[in-house]
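**Q** Please model the entire structure based on the sequences and the hints provided.
Protein sequence lines, in the order shown, are assigned to chains U and Z. Just so you know, the first sequence maps onto residues 2 to 81 in our numbering. Just so you know, the second sequence maps onto residues 32 to 263 in our numbering.
These are computed hints drawn from the structure, not numbers from a lab. One or more of the hints may lead you astray.
[What the hints assert, rightly or not] Which chain Z residues face chain U? A few, computed with CB under 10 angstroms, are given here:
(1) Leu138
(2) Lys143
(3) Ile177
[Unchecked claim] Computed footprint of chain Z on chain U; a stretch qualifies when at least three of its residues, placed anywhere within it, have a C-beta under 8 angstroms from a C-beta of chain Z:
(4) 18-32
(5) 47-58
Every residue, glycine too, gets a C-beta built ideally from N, C-alpha and C.
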Amino acid sequence: MARFEIYVTYKKGIFDPPGATAERALQNLGYSEVAQVKIGKYIQLEVADGTSAARIREMCDKLLANPVIEDYRIETVGEA
Amino acid sequence: MRFGVVIFPGSNCEQDVIHAVNHLGHEAGYIWHGDTDLSGFDAIVLPGGFAYGDYIRCGAVARFSPVMAEVVRFAEAGKPIIGICNGFQILAEAHLLPGALLRNVGLKFLCKTVSLRAEESICDWLDVPAGTVLRVPINHNEGNYICDAETLERLKANSQIVLRYCESDGSTAPGGSAPNGALDDIAGICNERGNVFGLMPHPERVVDPLSGGTDGAVFFTAIAKHVAEVAS
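**A** Structure (structure tokens):
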């Protein structure tokens, strides 16, 4: 089995309410150096060996991410 | 006039819709999400709830239910579809309506009655003068409508914005009146043809004075009238 890790985040310009809340909370806790917090999703995917990158992207576009509001990054981790 | 109400695993407003439609003198029947036969229905309702537990994103899994391919065909035939709350989220995920619904600003689940302003729109589901203020409850965690600037311009130019959140007198507060942070105070939009309508508020909950109001009736009566006109 091959293993991929997928990071889904909001596109630039899309307001991220949980991120903005965490950002304010950190600043309120005294971490004044915090400039921005973005919160996204982390997905682990195990697939049959030889699955093409195009097919993983298709899974992301169709279901795992919503291209209207989200970007994603796929990392190949290797053998599961 | 017969309304079909789709039940997804996790829908929870389907009985309210059936009651509302019956109360207004129309027939209604349930459609299981695994069914693929929409014959015999004049309008389709995607009700509120938490289809598939809202996993991945609200509506993301529901849009691939077997019934949805038929719902898309129903829409393409120009027949009326309404998505209420979770139903709106499903229509957006299915790309039957543009944009998406994000988490509410403030991160609070919102459950209260709000004022909505009817806009000048091409929507088949609304037939009241522009500027009419309706009092309808909202009940959602992800109602913060968003779309890109180009889509917003198209929605405006084509009169696809059907409802905006407003103050009780119909005005817009400085900084906006949307309790959930929705772009341009958008509470409901329709597609370019006007037959597919999605809104976050729950009109089915206010058709009977017993439940605190009747402002929600206008959507169901408008579409019944529209269907009758098309048929004649």
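**Q** Check each numbered hint from earlier against the structure, then list the numbers of those it violates in ascending order.
**A** 2, 5
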